[in-house]
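Novice: In order, the protein sequence lines correspond to chains A and B. Each residue of the first sequence is one higher than the last, beginning at 1 in our numbering. Each residue of the second sequence is one higher than the last, beginning at 410 in our numbering.
No lab work stands behind these hints, which were simulated from the structure alone. Backbone N, C-alpha and C fix where the C-beta goes; we use that ideal spot for every residue, glycine too. One or more hints might be untrue.
[Unchecked claim] Pairs of lysine-lysine residues, derived as BS3-like cross-links and limited to a Cα-Cα distance of at most 27 Å, are as follows:
1. B/Lys709 x A/Lys242
2. B/Lys651 x B/Lys668
3. A/Lys274 x B/Lys808
4. A/Lys130 x B/Lys808
5. B/Lys683 x A/Lys353
6. A/Lys242 x B/Lys539
7. A/Lys242 x B/Lys662
8. A/Lys242 x B/Lys802
9. A/Lys399 x B/Lys539
10. B/Lys709 x A/Lys345
[To be verified] From the structure, some residues in chain A lie toward chain B, with a derived Cβ separation under 8 Å:
11. Val79
12. Pro82
13. Glu283
[Claimed, not checked] If we take Cβ atoms under 7 Å as the criterion, some of the chain B residues that face chain A in the derived model are:
14. Gly493
15. Lys496
16. His501
17. Thr537
18. Met587
19. Ser591
20. Ile594
21. Val648
22. Pro676
23. Tyr677
24. Phe690
25. Ala700
26. Phe712
27. Asn714
Number of protein chains: 2
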Amino acid sequence: MPDEYECDCGVDFRATQQLLEDMGCDVCKSRGVQKRMRLEQEKRLDVQQHQDAVVHLPENMEEEQQEYEEFLDGRKAQVRYPDGTVKLRNPHIELMDQDILYHLALGSESHDLVTMFGDVKFVVMGGTPKRVEQFAYYIMQEIGHKLPAGTTLLDISQYSYRYSMYKVGPVLSISHGMGIPSVGILLHEVIKLMYHARVKDPIFFRIGTCGGIGIEGGTVVISEEAVDGMLRPVLELPVLGKLHSRPARLDKKLTRELKALASAEDPYDTMIGKTMCTYDFYEGQGRLDGAFCDYSDEDKMAFLNRVHESGVTNIEMESLSFAALTHHAGIKSAVVCVTLVDRLKGDQVLAPKEVLNEWQERPQKLVSRYIKRYLQMKGRLSLDGHCGSMCVKSPRRFKLVQQESEHVD
Amino acid sequence: MPDEYECDCGVDFRATQQLLEDMGCDVCKSRGVQKRMRLEQEKRLDVQQHQDAVVHLPENMEEEQQEYEEFLDGRKAQVRYPDGTVKLRNPHIELMDQDILYHLALGSESHDLVTMFGDVKFVVMGGTPKRVEQFAYYIMQEIGHKLPAGTTLLDISQYSYRYSMYKVGPVLSISHGMGIPSVGILLHEVIKLMYHARVKDPIFFRIGTCGGIGIEGGTVVISEEAVDGMLRPVLELPVLGKLHSRPARLDKKLTRELKALASAEDPYDTMIGKTMCTYDFYEGQGRLDGAFCDYSDEDKMAFLNRVHESGVTNIEMESLSFAALTHHAGIKSAVVCVTLVDRLKGDQVLAPKEVLNEWQERPQKLVSRYIKRYLQMKGRLSLDGHCGSMCVKSPRRFKLVQQESEHVD
């Protein structure tokens, strides 16, 4: 291993360059190596040779938080312009004639994205079009947002036939489909949307449902970190044939602020926990009821107990990508899910419809409390009209973008 | 390594047990070890210790095909009942009181699945609800299927708010969303649907769009195999904390039959090729226009050229899971995609709407020719009415399944 990859403390790194940049030396926690690392950025490490990369998280949370905020401050120039608007970690976009957000049916030269989305502060994502439409109407009521007479909410991305997007003043509510690739495509395009619209310091939330581990159905879990099916807190992704790892970190301060908004009067628990994110709903989550299963009930329970002992409180299918990509973009984010079942007691969701409906509203309520409090503090609760519907800059390009979005996979 | 994992030829296996079962010894190609391997099935290997697993495919295609068919025959008892109906590789399902197909909004005891789906022969999957609805109407016309007066096609899974499913006689047309996890969930449930409905030897197709590598936009590619972003022909999946690998194999005979149905009069090429399947649309496919990009245009081109040289003709996001899970279930399957762009020439899709619309119909046409020919040969072209709409067995359970499907992630 070349000595450029040695820390100042003399230790060889057993981690990827990205992990080094993000987490520091895994022995002395020093980040003094960052500069040297960045100079080496072109000589990317083949992560496959370093499969034993280990991510050590500091044990003291206060200390970690402080360190982390200093680290974020130090990295700010990569992800923000001086006025706080989102900067992309991609030098190519600025050089492009136009940037088509294929899966959103929007484009940088077809749509006036600054006028349409410049006032966005919050992006709330959920699984299905129906759930995010519900949230859009709910948050509209909660923040007292008024639509002009004779108008209704429009699915801004209807011509993508993939994701649904609703805008309610400073809040975007977008469906992300199922699984890491689906939420990943969306995040790339929404982060670019933030950049094109010159949005300042946006905050992203994922609200959803999940399986609980050792906690009652109906419990709200705010994720403190996401781990994969092997309990690794990183998103692995092959890029140009090499395996990259990105830490799946969420904002601990935001997590605690959300937790503080849980009310003593809520007839359910709201807790902070570790979330396991899998690539499969059946075998990937140790279920017995998929098309395939070559393990026993005992094997399954041993696995779930092991996962439980490692501190995992819930399992879903998107948080790893959501955490890793927002963290990489320097965007504050949180994952808030309600458990539908305690997997230590069974796999089947048995609560009746009315109960499930009420459970599903719980993450929405918590996120809504945060948004309301934020807007109250900033005096932005009464908003007047950025245009929430389409503002066409070039009709020809507008049409083209709608067409192309229909066809891209 | 314990000597149970040695082949009769004396070679240590450097592969997972599943690969051994499916592909034979990677040196002598012997499958004589299968029996011994199966006895060892309970002692699952930790694949992580065997990251250097290599899958060698025989070079002679004819020989391989024959070997493969023998192999499939030998495995038939695992995946078929004597009458040819689908058998699950999961002993738990038979013991369950009911099996809810959450993401399809169907259930084994709420719906009369045999009456609803017993006549299915073909399952055709595509990305978006819109595309599979179009295919449903197209195939209806092509096979001359008639609906009773006063009826129209219904989205059978509308209450799942996730996938859309249309039934036209022996053909199911279902949307799978984007990415490996999304198509994986669907496949688990559709394979179980085949089992519950007692379908005999179904044939699955995925039709879609993709990026081409070194071939003109509008070319139809029938996948001969799927590889991941590291060019490995396997789907990797953590199961109970251990990494499993499943070969992503497609039916070579079906592939060639489809190729033979390409007409000399088609104003486009139809070819057989290797398909790369990625977990991400942007960095995962070497694009320069994602929210993140830390490589240059030259890096990208070097990667795409390397991929091209390895025989990859196109890139998409679902074939790996589609191939691996159908193969594991012993279901004949094929992936037919049309390229929208030659990635060696650029990333942007520039063809006008009318052209893209026509391109998108090409995989539909090829699959439709196969289905028509099959039905003609079997004398099943004029079909009379299994009920294509809902047949409710228990109204109470029917309602429950609709409710629960709304809430499961």
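Novice: Each hint needs a verdict: does it hold in this structure or not?
Specialist: Evaluation of the provided hints:
1. Distance check on the hinted pair: B/Lys709 and A/Lys242 sit about 12 Å apart at the alpha-carbon level, within 27 Å; holds.
2. Between B/Lys651 and B/Lys668 the CA atoms are separated by roughly 38 Å; this puts the pair beyond 27 Å, and the hint is violated.
3. Between A/Lys274 and B/Lys808 the alpha-carbon distance is near 34 Å, which puts this suggested pair outside the 27 Å criterion.
4. At roughly 19 Å between alpha-carbon atoms, A/Lys130 and B/Lys808 fall within 27 Å of each other, so this suggested pair holds.
5. Our distance criterion of 27 Å between C-alpha atoms is broken by B/Lys683 and A/Lys353, whose separation comes to about 46 Å.
6. Proposed proximity of A/Lys242 and B/Lys539 is contradicted: the alpha carbons are some 35 Å apart, above 27 Å.
7. Pair hint A/Lys242 plus B/Lys662 does not hold up; C-alpha atoms about 33 Å apart against a cutoff of 27 Å.
8. Of the pairs offered as hints, the one joining A/Lys242 and B/Lys802 is violated, with about 52 Å between alpha carbons and a cut-off of 27 Å exceeded.
9. Simply put, A/Lys399 and B/Lys539 have alpha-carbon atoms about 19 Å apart, close enough for the 27 Å limit, and the pair holds.
10. At roughly 49 Å between alpha-carbon atoms, B/Lys709 and A/Lys345 are farther apart than 27 Å, so this suggested pair is violated.
11. Checking A/Val79 against chain B by beta carbon gives a least distance of about 10 Å; that is not within 8 Å, so the hint is violated.
12. Annotation: A/Pro82 was flagged as interfacial toward chain B, and the flag is violated, the nearest CB pair being 20 Å apart, outside 8 Å.
13. About 5 Å separates the beta-carbon of A/Glu283 from the nearest beta-carbon of chain B, less than 8 Å, and the hint is met.
14. Violation of the interface hint for B/Gly493 is found here, the shortest Cβ-Cβ separation to chain A being roughly 18 Å, above the 7 Å cut-off.
15. A least Cβ separation of about 11 Å between B/Lys496 and chain A goes past the 7 Å threshold, and the interface hint is therefore violated.
16. The criterion of a C-beta within 7 Å of any C-beta in chain A is met by B/His501, whose closest approach is roughly 4 Å, and the hint holds.
17. The criterion of a C-beta within 7 Å of any C-beta in chain A is met by B/Thr537, whose closest approach is roughly 4 Å, and the hint holds.
18. Nearest Cβ of chain A to the Cβ of B/Met587: about 5 Å, under the 7 Å cut. The hint holds.
19. For B/Ser591, the interface hint holds, the least distance from its beta-carbon to any beta-carbon of chain A being 5 Å, beneath 7 Å.
20. Taking 7 Å as the C-beta cut-off, the interface hint given for B/Ile594 holds, the closest approach to chain A being about 5 Å.
21. With its C-beta approaching chain A no nearer than about 5 Å, B/Val648 sits inside the 7 Å limit, and its interface hint holds.
22. Look at B/Pro676: its Cβ only gets to about 18 Å from chain A, farther than 7 Å, so that hint breaks.
23. Annotation: interface hint on B/Tyr677 violated; nearest CB of chain A at approximately 16 Å, more than 7 Å.
24. The criterion of a C-beta within 7 Å of any C-beta in chain A is met by B/Phe690, whose closest approach is roughly 5 Å, and the hint holds.
25. Hint on B/Ala700 holds. Least Cβ distance to chain A is approximately 4 Å, under the 7 Å limit.
26. For the restraint placing B/Phe712 at the interface with chain A, the shortest Cβ-Cβ distance is roughly 4 Å, inside the 7 Å limit, so the hint holds.
27. Because the closest C-beta pair between B/Asn714 and chain A is about 11 Å apart, greater than 7 Å, the hint is violated.
Hint violations for this structure: numbers 2, 3, 5, 6, 7, 8, 10, 11, 12, 14, 15, 22, 23 and 27, all remaining hints satisfied.
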